[in-house]
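Participant: All chains should be built: construct the whole structure from the sequences, respecting the hints.
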Amino acid sequence: MSAVVVNIHARTVERDAPAIPDRAEYIGRLRELLSALEADDQALFEARLNQLMRLREEGLFVNLAKLTRELHQAVKDLNFDDRLQQLAGSELPDACLRLDYVVKLGEDAAHRTLDVCDDSRVLLDRLNGCVVSLDDIRERLPMVTQQPFRALTVANDIDQVEHTMREIGAGLRGHFSTIAQAQEYQDLSGQVIRRVITLVHNIEGALITLLRATNEGQRTPASPTASANGELAGPAVPGLSSGGQSQQDADALLAELGF
Amino acid sequence: MDKNLKILIVDDFSTMRRIVKNLLTDLGYTNTAEADDGKTAWPMLQAGGFDFVVTDWNMPGMTGIDLLRAIRGDDKLKSLPVLMVTAEAQRDQIIDAAKAGVNGYIIKPFTALTLKEKLDKIFQRFEQAA
Numbered sequence: 001m002s003a004v005v006v007n008i009h010a011r012t013v014e015r016d017a018p019a020i021p022d023r024a025e026y027i028g029r030l031r032e033l034l035s036a037l038e039a040d041d042q043a044l045f046e047a048r049l050n051q052l053m054r055l056r057e058e059g060l061f062v063n064l065a066k067l068t069r070e071l072h073q074a075v076k077d078l079n080f081d082d083r084l085q086q087l088a089g090s091e092l093p094d095a096c097l098r099l100d101y102v103v104k105l106g107e108d109a110a111h112r113t114l115d116v117c118d119d120s121r122v123l124l125d126r127l128n129g130c131v132v133s134l135d136d137i138r139e140r141l142p143m144v145t146q147q148p149f150r151a152l153t154v155a156n157d158i159d160q161v162e163h164t165m166r167e168i169g170a171g172l173r174g175h176f177s178t179i180a181q182a183q184e185y186q187d188l189s190g191q192v193i194r195r196v197i198t199l200v201h202n203i204e205g206a207l208i209t210l211l212r213a214t215n216e217g218q219r220t221p222a223s224p225t226a227s228a229n230g231e232l233a234g235p236a237v238p239g240l241s242s243g244g245q246s247q248q249d250a251d252a253l254l255a256e257l258g259f
Numbered sequence: 260m261d262k263n264l265k266i267l268i269v270d271d272f273s274t275m276r277r278i279v280k281n282l283l284t285d286l287g288y289t290n291t292a293e294a295d296d297g298k299t300a301w302p303m304l305q306a307g308g309f310d311f312v313v314t315d316w317n318m319p320g321m322t323g324i325d326l327l328r329a330i331r332g333d334d335k336l337k338s339l340p341v342l343m344v345t346a347e348a349q350r351d352q353i354i355d356a357a358k359a360g361v362n363g364y365i366i367k368p369f370t371a372l373t374l375k376e377k378l379d380k381i382f383q384r385f386e387q388a389a
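So the sequences go chain by chain: Y and U. 1 is the number of the first residue of the first sequence in this note's numbering; add one for each residue after it. 260 is the number of the first residue of the second sequence in this note's numbering; add one for each residue after it.
If you are wondering where the hints come from, they were derived from the structure by calculation, not from laboratory data. For each residue, glycine too, the CB sits at the ideal point set by N, CA and C. Any given hint might turn out to be false.
One side of the interface only, derived from the structure: several residues of chain Y facing chain U at Cβ under 8 Å [claimed, not checked]:
1) P235
2) Q247
3) L253
4) F259
Facilitator: Structural data, given as structure tokens:
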């Protein structure tokens with residue numbers, strides 16, 4: 001905060017410094033002072049010197065009042081205390097909790113989907129078992145023509161396979177709806193992420209205002225670089241020119257390197 | 260290629276470990292084990308028995324590139340094939356991985372087909388070398 005005050009002060013003084021305020025009045029008063037001095041009129045000289053000094057003091061007071069008003073307005077406009085305190089004090093930690101929740105939502109949904117995939121593999125194995133049973137029944141069919149009393153057993157076996165296949169079908173249908181339902185996390189996490197994006201925009205705005213207030217506003221903030229501090233770049237995001245390579249690029253690069 | 264070879268899957272995200280494990284199972288490689296970062300993977304590798312490593316890059320504790328360097332620097336493990344499966348897609352990183360002696364590099368998100376192609380290519384090279 002103190003840095004802001006100093007800078008606002010410096011900027012105002014700098015702007016007013018080149019022009020001498022009340023220049024014509026000073027010239028007139030100095031001429032009168034000089035003529036009193038030349039006339040050797042001590043009373044008149046004292047009076048005019050006092051007038052000159054009062055003029056100087058008035059100018060100082062006007063400037064001081066102006067500076068105070070500007071400073072007060074700047075602090076008021078920025079609303080530093082309220083806005084920054086709210087952002088740093090509650091909204092940022094809150095955003096971190098929200099993002100943790102998003103990570104958890106996504107992870108839970110992925111695990112639920114993977115669980116169902118595992119269960120579906122078991123059902124597919126049972127389906128393969130049905131195919132084997134049907135092959136077996138087909139092989140026994142010629143016997144039925146020779147020994148018709150076996151038809152009942154074959155029919156029972158077919159019923160059994162049909163029953164199993166219906167069970168598998170119902171099971172798979174249930175699994176598909178579980179997978180579809182697991183995607184609902186996207187709606188919730190999307191909403192939370194949008195809120196956090198809004199917060200990031202607000203913080204960006206507050207920081208830019210702060211930069212301008214501290215006289216650094218003319219300088220365009222450097223765009224963040226991916227691995228500025230030795231951090232890994234992470235997933236390439238479409239629309240951000242982070243220099244991310246595609247699998248094809250990577251393959252070509254490795255081929256160039258003799259892989 | 261011997262489908263019974265033992266593969267270590269190293270990734271800090273349990274979902275990604277499961278996905279890789281499922282894809283490997285579909286390709287016939289059912290003998291797998293999992294570790295959640297290089298630090299956990301290292302003693303498992305030291306204990307022996309693994310024929311192949313599939314590792315992520317960015318992990319807490321010990322990263323995939325450090326694990327790769329450790330493997331290449333170890334007399335017992337230096338010829339163990341390592342496939343990097345990672346979201347890190349910067350040119351410099353791919354070059355770093357190549358320099359560190361990676362055998363294949365897959366960028367996430369990836370498809371089952373990409374995984375199969377890279378595995379086949381690595382095994383093909385090892386068979387040729389053998």
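Participant: Look at each hint and say if it fits the structure.
Facilitator: Okay, the hints, checked on the actual structure:
Satisfaction of the interface hint for P235 of chain Y is found here, the shortest Cβ-Cβ separation to chain U being roughly 4 Å, below the 8 Å cut-off. Taking 8 Å as the C-beta contact cut-off toward chain U, the hint placing Q247 of chain Y at the interface holds, the least distance being around 5 Å. For L253 of chain Y, the shortest C-beta to C-beta distance to chain U is roughly 5 Å, which falls under 8 Å, so the interface hint holds. Because the smallest distance between the Cβ of F259 of chain Y and any Cβ of chain U comes to about 7 Å, under 8 Å, the interface hint for this residue holds.
Of the numbered hints stated above, none is contradicted by the structure.
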